[in-house]
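Based on the provided sequences and hints, a complete structural model is requested.
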Amino acid sequence: MAAARSVEEDLLRLLRQNPQGVTDEALSAALPGVPIEERVNAVNSLLAANRLQLLKNSSNKIVYKEVAAEEAAKFKGLSTEELLLYQCIKAAGNTGMPGITKILKVLESRRLVKSVKNVNNPSRKVYMLSELEPSRELTGGAWYTENQFDSEFINVLREACYSYIKRKDKVSSSLGEIAAFIRSRGFSKVELRIEDIHTIIMTLVYDGRVDEVEPEGDEDEDHYRLAVLGIPDSTSLTDVPCGVCPVAGECAEGGVISPQTCIYYDKWLEF
Amino acid sequence: MSSRKQFACDLAIRLVQEQYGDAVGGVFKYLAAKGQLPLGEIIRGTGLSASLVKQALLILIQQNCVSVYLQPGEESFRGARPSFHVYECDLGRVLQIIRHSRFLLHIRDEAGEVAEHIVAQLLQDGRLRMDQVLGGVAARMGKAQEEVADTIRNTFISLVQAHYVERAPLCNAPPPTIRPHPNSVKARKKPAGGGEAFAAEQGAASRTLEELAIEKARFKVPADLALQMFGTTTAGGGNAAAAAALGGGAEAAADGGGGGDGATGGGGGVKRRAEDELELLAVPKSAPPAKKARIRAGTARADVVTSTPGAGPGAGPGAGRSSGGGAAGGGAGPSSPVAAAEPPVVLWRVNNDEFNRVFRHQAMVGLIREKFDEDAAAVVTAMLATARPHEASVKEERSVPLSEGEIETTVGRLTTAGVLEALPQQPVSAVLRTLASDPFEMFSLAATGMQGSPMYVINSQRVIDLIMLKQIEAVVKSRYDIAGLRVFRLLALRGQLEQKQIADLAMLPQKDTRELLYRMLAGGFVLLQDIPKSADRAPSRSFYTWRVSVTAICEATAGQLFRATGRVHQRLKFEMEKEKELLGLLESAKEAKTVNFTLTTAQRQAVNRLKRMSEVMETSLQHLDEMIAVFNDF
Numbered sequence: 001m002a003a004a005r006s007v008e009e010d011l012l013r014l015l016r017q018n019p020q021g022v023t024d025e026a027l028s029a030a031l032p033g034v035p036i037e038e039r040v041n042a043v044n045s046l047l048a049a050n051r052l053q054l055l056k057n058s059s060n061k062i063v064y065k066e067v068a069a070e071e072a073a074k075f076k077g078l079s080t081e082e083l084l085l086y087q088c089i090k091a092a093g094n095t096g097m098p099g100i101t102k103i104l105k106v107l108e109s110r111r112l113v114k115s116v117k118n119v120n121n122p123s124r125k126v127y128m129l130s131e132l133e134p135s136r137e138l139t140g141g142a143w144y145t146e147n148q149f150d151s152e153f154i155n156v157l158r159e160a161c162y163s164y165i166k167r168k169d170k171v172s173s174s175l176g177e178i179a180a181f182i183r184s185r186g187f188s189k190v191e192l193r194i195e196d197i198h199t200i201i202m203t204l205v206y207d208g209r210v211d212e213v214e215p216e217g218d219e220d221e222d223h224y225r226l227a228v229l230g231i232p233d234s235t236s237l238t239d240v241p242c243g244v245c246p247v248a249g250e251c252a253e254g255g256v257i258s259p260q261t262c263i264y265y266d267k268w269l270e271f
Numbered sequence: 001m002s003s004r005k006q007f008a009c010d011l012a013i014r015l016v017q018e019q020y021g022d023a024v025g026g027v028f029k030y031l032a033a034k035g036q037l038p039l040g041e042i043i044r045g046t047g048l049s050a051s052l053v054k055q056a057l058l059i060l061i062q063q064n065c066v067s068v069y070l071q072p073g074e075e076s077f078r079g080a081r082p083s084f085h086v087y088e089c090d091l092g093r094v095l096q097i098i099r100h101s102r103f104l105l106h107i108r109d110e111a112g113e114v115a116e117h118i119v120a121q122l123l124q125d126g127r128l129r130m131d132q133v134l135g136g137v138a139a140r141m142g143k144a145q146e147e148v149a150d151t152i153r154n155t156f157i158s159l160v161q162a163h164y165v166e167r168a169p170l171c172n173a174p175p176p177t178i179r180p181h182p183n184s185v186k187a188r189k190k191p192a193g194g195g196e197a198f199a200a201e202q203g204a205a206s207r208t209l210e211e212l213a214i215e216k217a218r219f220k221v222p223a224d225l226a227l228q229m230f231g232t233t234t235a236g237g238g239n240a241a242a243a244a245a246l247g248g249g250a251e252a253a254a255d256g257g258g259g260g261d262g263a264t265g266g267g268g269g270v271k272r273r274a275e276d277e278l279e280l281l282a283v284p285k286s287a288p289p290a291k292k293a294r295i296r297a298g299t300a301r302a303d304v305v306t307s308t309p310g311a312g313p314g315a316g317p318g319a320g321r322s323s324g325g326g327a328a329g330g331g332a333g334p335s336s337p338v339a340a341a342e343p344p345v346v347l348w349r350v351n352n353d354e355f356n357r358v359f360r361h362q363a364m365v366g367l368i369r370e371k372f373d374e375d376a377a378a379v380v381t382a383m384l385a386t387a388r389p390h391e392a393s394v395k396e397e398r399s400v401p402l403s404e405g406e407i408e409t410t411v412g413r414l415t416t417a418g419v420l421e422a423l424p425q426q427p428v429s430a431v432l433r434t435l436a437s438d439p440f441e442m443f444s445l446a447a448t449g450m451q452g453s454p455m456y457v458i459n460s461q462r463v464i465d466l467i468m469l470k471q472i473e474a475v476v477k478s479r480y481d482i483a484g485l486r487v488f489r490l491l492a493l494r495g496q497l498e499q500k501q502i503a504d505l506a507m508l509p510q511k512d513t514r515e516l517l518y519r520m521l522a523g524g525f526v527l528l529q530d531i532p533k534s535a536d537r538a539p540s541r542s543f544y545t546w547r548v549s550v551t552a553i554c555e556a557t558a559g560q561l562f563r564a565t566g567r568v569h570q571r572l573k574f575e576m577e578k579e580k581e582l583l584g585l586l587e588s589a590k591e592a593k594t595v596n597f598t599l600t601t602a603q604r605q606a607v608n609r610l611k612r613m614s615e616v617m618e619t620s621l622q623h624l625d626e627m628i629a630v631f632n633d634f
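Just so you know, the protein sequences line up as chains F and D, in that order. Sequential numbering from 1 applies to the first sequence in my numbering. Sequential numbering from 1 applies to the second sequence in my numbering.
Since the hints were derived computationally from the structure, they do not count as laboratory data. Errors might be hidden in some of the hints.
[Stated by the list, open to error] Here are the simulated distance ranges between beta carbons:
1. F:ILE89 x D:ASP481: 53 to 59 Å
2. F:ALA160 x D:ARG537: 41 to 47 Å
3. F:VAL256 x D:GLN603: 30 to 36 Å
4. F:ALA160 x D:LEU493: 20 to 26 Å
5. D:GLN501 x F:VAL40: 44 to 50 Å
[Unchecked claim] Rough simulated footprint, nothing fancy, chain F against chain D, three-plus residues with beta-carbon under 8 Å:
6. 477-490
7. 505-517
8. 560-568
[To be verified] With a cut-off of at most 25 Å between alpha-carbon atoms, the simulated DSS-like pairs for lysine-lysine come out as follows:
9. D:LYS573 x F:LYS267
10. F:LYS90 x F:LYS61
11. F:LYS105 x F:LYS90
12. F:LYS65 x F:LYS90
13. F:LYS125 x F:LYS114
14. D:LYS590 x D:LYS580
15. D:LYS29 x D:LYS5
16. F:LYS105 x F:LYS117
17. D:LYS470 x D:LYS395
18. D:LYS5 x D:LYS470
19. D:LYS371 x D:LYS470
20. F:LYS117 x D:LYS511
21. D:LYS611 x D:LYS580
22. D:LYS371 x F:LYS170
23. D:LYS590 x D:LYS611
24. D:LYS590 x D:LYS573
25. F:LYS267 x D:LYS578
26. F:LYS168 x D:LYS371
27. D:LYS578 x D:LYS611
28. F:LYS117 x F:LYS102
29. D:LYS573 x D:LYS5
30. D:LYS395 x D:LYS5
31. F:LYS114 x F:LYS189
32. F:LYS125 x D:LYS500
33. F:LYS170 x D:LYS470
34. D:LYS611 x D:LYS573
35. D:LYS470 x F:LYS166
36. D:LYS611 x F:LYS267
37. D:LYS5 x D:LYS34
38. D:LYS580 x F:LYS267
39. F:LYS114 x F:LYS102
40. D:LYS511 x F:LYS125
Yeah, the Cβ is synthetic: ideal placement off N, Cα and C, and Gly gets one too.
Right under this line is the structure:
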């Protein structure tokens, strides 16, 4: 550790002596006893701490310059991308650089980069090279087509799973079977992982159309079959207007809302 | 926020008011609000005249809407304080009024037309003596009393033995102790022996012995009735001594032997007082009960021996005993400790509990049939039939353990009796094993019996829970669509979840999920809990989780059912009131028996509309009552 620090100190002293910058070759020449690994490490840590900056000189060689203390403070916390951009603007000097957005537009028109909307936060855009596929987090996964929640697609999948389970009737189907079936039918261009199929089937369970069955024996996959106890479409309570009334709490005899004047009753009793 | 009890009270008061009029309704309302009250306080509280209150009370007692108890007198330093009668409204029985037609339908299917007539007569008049039953039913059947007396009597006895009909409790049982809710009492140490508190506790415990005595007598067929069945000629009077002895032998004298004797004396005393209080002025509605009370008093008068109205009849054994059962009281002397003798008059009434028990079993078997298959339903019917004699109350949580052998014999018995359709396909033991392995734990395997055969227990409460859960899910589906149902079941199966997790698992768009959750929160179906990350509950720094509590929702729905029934009832009354004139016109036409009377087309339309509307509403009331039964009485 002490050795590394001394390497860093040496580097900094060297840079201070040469305010116009020190090339990489000059560094290795000035510190003969230091192996290249250690030197590289020292350079990297100084870079990260913003004690020195990396520049390219006119002959395209890498040049290191020390960063004055105040300047270091200014740059603290900036990300690499921001620093890079800063350097570009600095290099432009007095003439400055054309607008950033304009640059992006030019690149986009030349089809070099594309913008991808984040599904969780549609107002943020992310730019990447045109050839790349955006990662799963950005697009939301299989359920989002063009960043829209694809209910149609999901419904199709649900119904397919349901009909498969229904066809198997008394025998329960395992998760693996259903997944294989869905994949074989080629419903989706995107590859559906087994967790996705599981989520789809669970929505059927929550709808009360499919039951989850504990597997017997050694299998540890869940099995599914048609629900035995259907949920009735209506109950005596909901057949009466009071059962589905949004203002049931405010209804009282003689009040503004009362059973005698209730409009829902009027509608119910209109024959 | 009104509670279930409050909605139930409102509905009960409405029902009483509709059936028996405003004055009676007023008295009932006051009693429902105040609990157990003596007569004087009722008169003061309702502000009605004493005679009106008395008549109203008589009607209510006659119709079993109000129970009467005798608060025994106490010895105190100032001298013996007299006992007095206390009145308490019986909400449970009043709420069963809507279910009466279901009772009749069931009894007709099970026991035939004569039984239906008997039950109908009892439901109409509340409580009746045997001879009144005979007269009324004969009139209903349109035949002369002599021809049908025997059939009626036979059917009647079988109804009593099946527990559909019970004895009306006497008016001098002590009032049930009002026990404070366990939450309101700080945990207290058991009072030391010998102290006053200890004595009070012991007293409360022993009082229930008298309740036990009443319970034992509830379904006893009186000896003279049984004798009549077997062909003895005299009706009670001459054979009274033999009857009393038989009666004494037939009834196991409980420790309340003294209580029993005191009861008869008290019974006579009460009825005499009722007669004293009764005015000869007969208000039309109260005429029948008033007359009956006088008849009651009239027959009792001959039997009463020594009790004076003022003295506490229950005061101590030995004092003022009248060996009841007959004027020939000399036969069974006052020193005989055995004879818990028959009260002079026995009144009978319908036992709602038995009907509700039957309906409960039907609902349970229905669920099993849906969830499993017909065989399972048959086996469960047999199990319930086997366990029935041991059920102490309607709302049993679980049954007694039943061995496989018993169940098999009952299955066989029921199949031959024609109750079950056909022999089950699978053997009974296999069906039982399938039932017991169901994850909802509706049946459990209890200990293994003596010969190594397994014993099973029905967890009735779990079965009812499942029925209620299905109903609740249906309510959620109707109110909040399939998305709401999905969220509800998701939370019920997975516990506490954050909004984002809910949206992901249910595969619903985030915006929709948020709206739906808040709507369901307003409806009381989900609960929201904040879990703060920081010391202050800043919303940006807290987790918000959602969950459902099925028990809470069941309670809430039970209350909502009463409320909805009340409102349907109100609306029906209102609609009838609107067309009062038209109805009056029809009534007068019917009475005058005119066949042709002109109605304008508007009136005709109005009549049709009224008819359809009242049909719809009455059927709704019946359907609602079915659901009320599931949520409240089962």
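Proposed proximity, D:LYS371 with F:LYS168 (alpha carbon, max 25 Å): holds (18 Å)
Satisfaction of hint between F:LYS170 and D:LYS371, Cα-Cα up to 25 Å: holds (13 Å)
Given hint F:LYS267 paired with D:LYS573 - CA-CA distance at most 25 Å: holds (17 Å)
Agreement of F:LYS90 and F:LYS61 with the hint, judged by alpha carbon distance not exceeding 25 Å: Between F:LYS90 and F:LYS61 the Cα gap is close to 18 Å, so the pair holds against 25 Å.
Restraint status (C-alpha distance of F:LYS125 to F:LYS114 at most 25 Å): The given pair, whose Cα atoms are some 10 Å apart, holds under the 25 Å limit.
Pair hint outcome, D:LYS611 versus D:LYS580 [Cα-Cα no greater than 25 Å]: Since the Cα atoms of D:LYS611 and D:LYS580 sit roughly 13 Å apart, the hinted pair holds (cutoff 25 Å).
Proposed proximity, D:LYS511 with F:LYS117 (alpha carbon, max 25 Å): Status holds; Cα separation ~18 Å.
Hint consistency between D:LYS5 and D:LYS470 [alpha-carbon to alpha-carbon, up to 25 Å]: holds (23 Å)
D:LYS590 paired with D:LYS611 [C-alpha distance capped at 25 Å]: holds (16 Å)
Proposed proximity, D:LYS470 with D:LYS371 (alpha carbon, max 25 Å): holds (12 Å)
Distance restraint between D:LYS580 and F:LYS267, which requires alpha-carbon spacing of 25 Å or less: This hinted pair holds, its Cα atoms lying about 22 Å apart.
Within 8 Å of chain F (C-beta), three or more residues of the segment 505-517 of chain D: Three-residue rule met by the segment 505-517 of chain D, so holds; n is 4.
Figure legend: structure checked against the earlier numbered hints; every hint is met.
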